[in-house]
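With chain R held as given, fit chain G onto it using these hints.
Listed below, chain by chain, are the residues.
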Amino acid sequence: DAGVTQSPTHLIKTRGQQVTLRCSPKSGHDTVSWYQQALGQGPQFIFQYYEEEERQRGNFPDRFSGHQFPNYSSELNVNALLLGDSALYLCASSLVGAKNIQYFGAGTRLSVL
Amino acid sequence: SQQGEEDPQALSIQEGENATMNCSYKTSINNLQWYRQNSGRGLVHLILIRSNEREKHSGRLRVTLDTSKKSSSLLITASRAADTASYFCAVTGNQFYFGTGTSLTVIP
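These protein sequence lines are chains R and G, in that order. End of the first sequence = 117 in the numbering used here, gap-free, step of one. End of the second sequence = 497 in the numbering used here, gap-free, step of one.
In case anyone wonders, no lab produced these hints; they're calculated from the structure. Hints are not guaranteed to be accurate.
Claimed, not checked - The calculated lysine to any residue pairs, modelled on SDA-like cross-linking and capped at a C-alpha distance of 25 Å, are:
1) G:K459 / R:G101
2) G:K445 / G:S417
3) G:K415 / R:G101
4) G:K415 / R:G62
Since we're looking at a predicted model, the values are computed, not measured.
Next comes chain R alone, as it looks inside the complex (with noise of 0.2 Å):
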């Protein structure tokens, strides 16, 4: 049974750039969250995805952006991006109703230089 796997897991762009980091959710799971970790920080809420549309959005700006597909898998894009965009992206894959367990990938490490 496969968990949560993300790609790529390195990725180095320059100030301006946009950057597309892509899910697959856990066999049998429904929803993707998307979270922002800088390091030494805990992680940061992004967005979340249940059947193919945003259904929760924490405090980050337009420039996020994301989409889930028919299979439940999401791609999280970030436009125009920033030194302070460099952090650790995490995705994380529920069940609806499983009381909100979260299932994490390993991450996609940005850096922006």
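Coordinates of chain G only, in the frame set by chain R:
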């Protein structure tokens, strides 16, 4: 912004000792969860306690919840070197909020 804060920020103990870390939060909650993270990797769910529960056990883990004080504690008994990790509380209300984390080092 973080809705939870863990205390202490860092904790170093000898193998076999107990480790206690605390979490305070600001919002009303449906449940509170604890997660572990090894070296900047993905988080692993440890235990969940509902807002109407006061204490819960799972193996060497014991979690308490005091909703009147908006606080929770995680006790790891008989710690092992493999317990070395960062521990985060997460509260589920309107959104999913993680705390700032406690970095635990267990010295063999």
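Holds or violated: K415 of chain G and G101 of chain R, Cα atoms, limit 25 Å.
Holds, at roughly 23 Å.
Given pair status - S417 of chain G, K445 of chain G, alpha carbons within 25 Å
The given pair, whose Cα atoms are some 19 Å apart, holds under the 25 Å limit.
Pair hint K415 of chain G and G62 of chain R, alpha-carbon separation not exceeding 25 Å
holds, 16 Å
So if I understand the rule, the pair passes when the alpha-carbon distance is 25 Å or less; does K459 of chain G with G101 of chain R pass?
Measuring from Cα to Cα gives roughly 24 Å; hence the hint holds.
The structure fails none of the hints (numbered hints given earlier).
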